[in-house]
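Undergrad: As a plain string of letters, each chain reads:
Protein chains: 4
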Amino acid sequence: MHQRARRYQIAVCGDSEIQNKEQGEIAYAIGREIARQGCTLIQGGRGGVMEAAARGCLECGGLTVAILPSASFSEANRYSQVVIPTGLGWTRNSLVVLAADGVIAIGGRGGTLSEIAYAWMYGKPVVAITGEPSIQGWSSILAGKKIDDRRDDIILSANSAEEAVKILIKEINNRREKMG
Amino acid sequence: MHQRARRYQIAVCGDSEIQNKEQGEIAYAIGREIARQGCTLIQGGRGGVMEAAARGCLECGGLTVAILPSASFSEANRYSQVVIPTGLGWTRNSLVVLAADGVIAIGGRGGTLSEIAYAWMYGKPVVAITGEPSIQGWSSILAGKKIDDRRDDIILSANSAEEAVKILIKEINNRREKMG
Amino acid sequence: MHQRARRYQIAVCGDSEIQNKEQGEIAYAIGREIARQGCTLIQGGRGGVMEAAARGCLECGGLTVAILPSASFSEANRYSQVVIPTGLGWTRNSLVVLAADGVIAIGGRGGTLSEIAYAWMYGKPVVAITGEPSIQGWSSILAGKKIDDRRDDIILSANSAEEAVKILIKEINNRREKMG
Amino acid sequence: MHQRARRYQIAVCGDSEIQNKEQGEIAYAIGREIARQGCTLIQGGRGGVMEAAARGCLECGGLTVAILPSASFSEANRYSQVVIPTGLGWTRNSLVVLAADGVIAIGGRGGTLSEIAYAWMYGKPVVAITGEPSIQGWSSILAGKKIDDRRDDIILSANSAEEAVKILIKEINNRREKMG
Chain A
2 MHQRARRYQI AVCGDSEIQN KEQGEIAYAI GREIARQGCT LIQGGRGGVM
52 EAAARGCLEC GGLTVAILPS ASFSEANRYS QVVIPTGLGW TRNSLVVLAA
102 DGVIAIGGRG GTLSEIAYAW MYGKPVVAIT GEPSIQGWSS ILAGKKIDDR
152 RDDIILSANS AEEAVKILIK EINNRREKMG
Chain B
2 MHQRARRYQI AVCGDSEIQN KEQGEIAYAI GREIARQGCT LIQGGRGGVM
52 EAAARGCLEC GGLTVAILPS ASFSEANRYS QVVIPTGLGW TRNSLVVLAA
102 DGVIAIGGRG GTLSEIAYAW MYGKPVVAIT GEPSIQGWSS ILAGKKIDDR
152 RDDIILSANS AEEAVKILIK EINNRREKMG
Chain C
2 MHQRARRYQI AVCGDSEIQN KEQGEIAYAI GREIARQGCT LIQGGRGGVM
52 EAAARGCLEC GGLTVAILPS ASFSEANRYS QVVIPTGLGW TRNSLVVLAA
102 DGVIAIGGRG GTLSEIAYAW MYGKPVVAIT GEPSIQGWSS ILAGKKIDDR
152 RDDIILSANS AEEAVKILIK EINNRREKMG
Chain D
2 MHQRARRYQI AVCGDSEIQN KEQGEIAYAI GREIARQGCT LIQGGRGGVM
52 EAAARGCLEC GGLTVAILPS ASFSEANRYS QVVIPTGLGW TRNSLVVLAA
102 DGVIAIGGRG GTLSEIAYAW MYGKPVVAIT GEPSIQGWSS ILAGKKIDDR
152 RDDIILSANS AEEAVKILIK EINNRREKMG
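Residue numbers (the numbering used here), protein chains in the order written: chain A, 2 to 181; chain B, 2 to 181; chain C, 2 to 181; chain D, 2 to 181.
Hints may be right or wrong, so weigh each one.
A pair counts as met if it fits within one copy or between any two copies, since identical chains are not told apart.
Said to hold, decoys possible - Derived lysine to aspartate or glutamate pairs resembling DMTMM-like cross-links, with alpha carbons at most 20 Å apart:
hint, residue 1, residue 2
1, LYS179, GLU76
2, LYS147, GLU18
3, LYS171, ASP153
4, LYS146, GLU172
5, LYS179, ASP153
Note that these hints are calculated values from the structure, not bench results.
Okay, chain A solo, but in the shape it has when bound (with noise of 0.2 Å):
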């Protein structure tokens, strides 16, 4: 066994209600996709976007991951195969973006915000869900700019699925090459 054992982590963030019916179906379809590239999915282990995503990487094959807030492995949702429980409440915010090598966020209120914003910081690849009138939120807002000028780079948008996991994993690769 001579080569890593990790393949490519992507985090989906978003809403723990969903919004509305597309805003779980795109979830759901970002999870399948997320599994059927061969990715692990990286998520708050809580309801809404994180349970549809999960619910979909796992019908796919795929293996899910959950950060949790609480301290209880019994916070997570029923989809998720590895459960990290943190007891570090938000503040575990910070620790679902540093398990990325990508993140795609799905709508989302004041905690995707801060996770967005953590993804920049750490130099992670955003990709933000667009669509109105069914996504909305911070991915909606963000989409296509900038949180500062420490980066060249803008956060990444897509409206499909299928889309967005692409253009993550194209991105990922791209910097996986720059650092050799």
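Once you've looked at the hints, dock chains B, C and D against the given chain A.
TA: Below, chains B, C and D without anything else, positioned relative to chain A:
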């Protein structure tokens, strides 16, 4: 000794490098005003806005606390009387906000954005300093706005040090009264 | 899919440098046994006992998770399929334990001692590997003892891989039954 | 202002419920002595040894800092002038130690044991209070011993408040001189 020994703790957040003379001056003036009002200053312990506020507060006889990203005391600016070296990296942003009864943001990039998002999530009152062209960044963008719909209030705005500290303390008092 | 997707997660803790051949062999054998029993391995992601257990578990088809001190994926040993780079430094020891249904300690220095202390505080069952002269350190010292009087049980002891995993899973099952 | 504003920060660790009159008295006396020596007291913000030390320090005009497990100011004992509510649960034990130039342990159960282990790992000097039958727990067990072989020194021991603070400050000074 029947009363609690703690005074209000006010966090000042903003760029770790001063963007222009006006930003440094208002950070310094806010530090002074926090001391005059008998409050304790919480800041991230590094340069820029954090250091300017700490210098102002210390020079006026106030108490200054640094909550550092690194695990080493030596990273702290010289105006910090109490230094908490967390070793958490930027994950410490959440702790800066948790340690505050209220938050004042002055300009700011990704780190400040994460702190405003946390302050909103934790239900802490936030005052954002405005005043183009000197004060840009996330405090200007978010002043007067809401991060999401979980709260009835907005991010307050102020364009002077006195006003910022005054309205923040008023807001902290209001919340204490409501909570009985 | 009605059942939860998660399997038991067992943490293996011990020296980040192998002290002698026997310690490496038992760590490796425990990793294999964890896989055979259908459990997921949690470990600190670094060398020594962590790497040996991860190699054993991975070679037997088990799932291996690393919870790293650093913020970088590259610090992980090559046998970790899921990598959680916390950026918390040694503060992450608490998270390794929180992520486990039960803990096995093999030798160990200060870091392992902190993990045993946390496991005790969090109410997790702990099995300490004994067997002088090969296995020294904190697992030998604390086997069969109590950390304090908050629990009715003791730190369990075992001197083989099979026994260690067997009694730990039995203890985890017992607790689940008691909790209903 | 050319000098740094910070004074030595000394952490006092021990049971969150006083075990007997003598333990409470020595914790209180150590708090007083920390104040007399012009140092800042770091403690976990809860009851027992932490509260007794904070009361002693505050009554002698010293500065008292609480680093709390919970996210709420209201958990702090009333003698804490600066309160850092981390929301990290017992994971905060690592931060209590990181915030100290040196650590004094008085009795103690699992939490104190984790703090002594961290202090050892972080290279901080530790003084353990001894004196059977009043002072039992981990400070008595580990006084005069080593946690592992990473350090040349031992856990120092003292059986009076004056001696404990004196030898700890001496040890902190020694290290500062060595580091230039």
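Undergrad: Take the hints in turn and mark each one as holding or not.
TA: Hint-by-hint comparison with the structure:
Taking CA atoms no more than 20 Å apart as the test, LYS179 paired with GLU76 passes between copies only; the shortest distance there is 19 Å, against 39 Å inside one copy. Within a single copy, LYS147 and GLU18 get their C-alpha atoms only as close as 27 Å, which misses the 20 Å cut-off; across copies the closest is 19 Å, which meets it. In this homomeric assembly, LYS171 and ASP153 come within 20 Å of each other (Cα to Cα) only inside a single copy, at 17 Å, whereas the closest approach across copies is 41 Å. For the identical chains of this complex, LYS146 and GLU172 are intra-copy neighbours only, at 16 Å inside a copy versus 33 Å across copies, given an alpha-carbon limit of 20 Å.
Proximity of LYS179 to ASP153 under the C-alpha cut-off of 20 Å is restricted to the intra-copy arrangement: shortest distance 14 Å within a copy versus 44 Å between copies.
Comparing the model with each earlier hint shows no violations; every hint is respected.
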